[in-house]
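Visitor: One-letter residues, chain by chain:
Number of protein chains: 2
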Amino acid sequence: MKVSIIAFTDNGMEIAYKLSNSLSESNDVDFTRCGKGALSTWTEEHFSTNDALIFIGAIGIALRAIAPYIKTKTKDPAVVVVDELGQFSIPILSGHIGGANELALQIAEDLGSIPVITTATDINNVFAVDTWAKSQGLNILNPECIKLVSSKLLKGESVHVKSDYPIQGNLPKNVYLNDLEDSNAGYDVIITHKDLENERKNDTLLLVPQIITVGIGCRKDISFEAIESSILNILESENYHILAINALASIDKKANEKGILEFAKKYDLPFNTYSAEELNSLEGEFTKSEFVKSVVEVDNVCERSAIMESNGKLIRRKDTCDGAGVTVALAINDPNISWGK
Amino acid sequence: MKVSIIAFTDNGMEIAYKLSNSLSESNDVDFTRCGKGALSTWTEEHFSTNDALIFIGAIGIALRAIAPYIKTKTKDPAVVVVDELGQFSIPILSGHIGGANELALQIAEDLGSIPVITTATDINNVFAVDTWAKSQGLNILNPECIKLVSSKLLKGESVHVKSDYPIQGNLPKNVYLNDLEDSNAGYDVIITHKDLENERKNDTLLLVPQIITVGIGCRKDISFEAIESSILNILESENYHILAINALASIDKKANEKGILEFAKKYDLPFNTYSAEELNSLEGEFTKSEFVKSVVEVDNVCERSAIMESNGKLIRRKDTCDGAGVTVALAINDPNISWGK
Chain A
1 MKVSIIAFTD NGMEIAYKLS NSLSESNDVD FTRCGKGALS TWTEEHFSTN DALIFIGAIG
61 IALRAIAPYI KTKTKDPAVV VVDELGQFSI PILSGHIGGA NELALQIAED LGSIPVITTA
121 TDINNVFAVD TWAKSQGLNI LNPECIKLVS SKLLKGESVH VKSDYPIQGN LPKNVYLNDL
181 EDSNAGYDVI ITHKDLENER KNDTLLLVPQ IITVGIGCRK DISFEAIESS ILNILESENY
241 HILAINALAS IDKKANEKGI LEFAKKYDLP FNTYSAEELN SLEGEFTKSE FVKSVVEVDN
301 VCERSAIMES NGKLIRRKDT CDGAGVTVAL AINDPNISWG K
Chain B
1 MKVSIIAFTD NGMEIAYKLS NSLSESNDVD FTRCGKGALS TWTEEHFSTN DALIFIGAIG
61 IALRAIAPYI KTKTKDPAVV VVDELGQFSI PILSGHIGGA NELALQIAED LGSIPVITTA
121 TDINNVFAVD TWAKSQGLNI LNPECIKLVS SKLLKGESVH VKSDYPIQGN LPKNVYLNDL
181 EDSNAGYDVI ITHKDLENER KNDTLLLVPQ IITVGIGCRK DISFEAIESS ILNILESENY
241 HILAINALAS IDKKANEKGI LEFAKKYDLP FNTYSAEELN SLEGEFTKSE FVKSVVEVDN
301 VCERSAIMES NGKLIRRKDT CDGAGVTVAL AINDPNISWG K
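Residue numbers (our numbering), protein chains in the order written: chain A, 1 to 341; chain B, 1 to 341.
The set of hints was computed from the structure by calculation and includes no laboratory data.
Any copy, or any two copies together, can satisfy a pair, since identical chains are not distinguished.
Below, simulated DSS-like cross-link-like pairs (lysine-lysine); rule was C-alpha separation at most 25 Å, straight line: (1) K155 x K18; (2) K173 x K155; (3) K75 x K194; (4) K201 x K75; (5) K18 x K152.
Could you build the full structure based on these sequences and the hints that come with them?
Guide: Here it is, written out as structure tokens:
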């Protein structure tokens, strides 16, 4: 986690120094002393690039500094305030998804301060679906529905979860799994890599595991547009959500293929490539092409690289994308989800 | 103080109800339960019109709700968050000037919760110049300088205050009064009704007591522009700050004079009027006019009404404002300032 600390006084700097030592065991930490007029600049620079900001000082100062940059629960960094005597450690933004509650608890332990946790699910010891989703690597599609789930649990009502995958461990209190009729109706939470955005009810929380890997083959100097429309068309035809993609893969000869690199950047996905030798080492049934083999010495690029990257199984074999000069295959992994954090 | 409370859950509503009872002894209190999507509307409506907002819930929810409306330390309402178990009472905005720290302490006492005060001067038991200025009715002209004063005191350095008025009580630790050479140089804080905005150093905190009363006489249907330029010109010629004005006064025949009412509204000043009988009852030397007496049965309107309103002494006698149809006089009161709150 990239953590930046800012302090305003000598006392504050002592705390910043102590925290920097303890937190840097498992984080990338820097700390700074705020000069005259420098707070807004520092905040603007660090808010969008950091995972967490720690202000050693008054909550009001921190709040006024971050207010202009606040966007959304799923993107904003964790913000924790520690008073300059180190008496309190207070998560003020992104308590759950951003991890501010956890960070504040760790700081409180390091400094011997009181953690001031105010999120209702935590203080009532109730299952916090957003913290849980984050810990399980599930993308939250509609964060505005988190509060509907939390509200039911806080009132002692039942919450019904539908999952397309097994979930290990004991169910949290008042949470039920796949217990309704076999459709999506009536569920409060649905966990799936399918794209349900158009058919869902407005108050169903949708969680998407990143479990699909896209294998790509293509002509040299293929355009970004050809890559993008090919991949999106296939996802749409299978009704898979774009946020279910976890990586792109190809053969090493494509490592600098601009259209793929641009796609990877736009959708914030890793792009890994493998040598012909590695791809050939895979055993199994692949859609063979003598032409491809004559060019890159592998009988199939997209299927093999998808499997090589994911270590999963093919759910869509090679598609030539209507002759766009691109081939795409999709592989899937079983997600590893459990009720424990 | 106008206080509005919002809660999100059953637990929260119980706390809101309890708080509403205890706080309404000395405040105007209302409370509400937040419906779906109603938080931003509620916040927008209450932020600008209330002295204090209390959120019973998570800090993050309160912070995201108020962020778009935050303006400045001297205007924003106090905002206090109480978690929904009532464990903590946390001032998050306007701790000093807005009174959030004091409110949070009161709430903590009412609920038996822990007050989470994070402003450095409070937790270090150091003189807080902004809280003090507020308690003494002093307008803070340049709130960005508050932190320079607090910072010196937190470091154990001396702070030099120049005041044009006597200040009762014992000096706070490390605070010195009128101890430098007889100019404004070197002072960290200057308390005066003089307009020093152009000659001050950038890092001198300027505090202005509201002690000047403007008495006004005028022709019927006088324009707002004539009223405004007359008053501002006289203030400028005396080098008095507009924020030192505490009220406008005239004879009752002018109670509905539009130009004066518009001026009162623009500068947020009370406008009070007195009968001819009341004005005549004043003893003392006034600039007499037979013409005025023939019209309104008082020999002078502006001087008499200024004294009637302020019960102070004249510091600028009747000025005819270059024949603009307006007469203006200024009266002044001694401010009652003490170091104790």
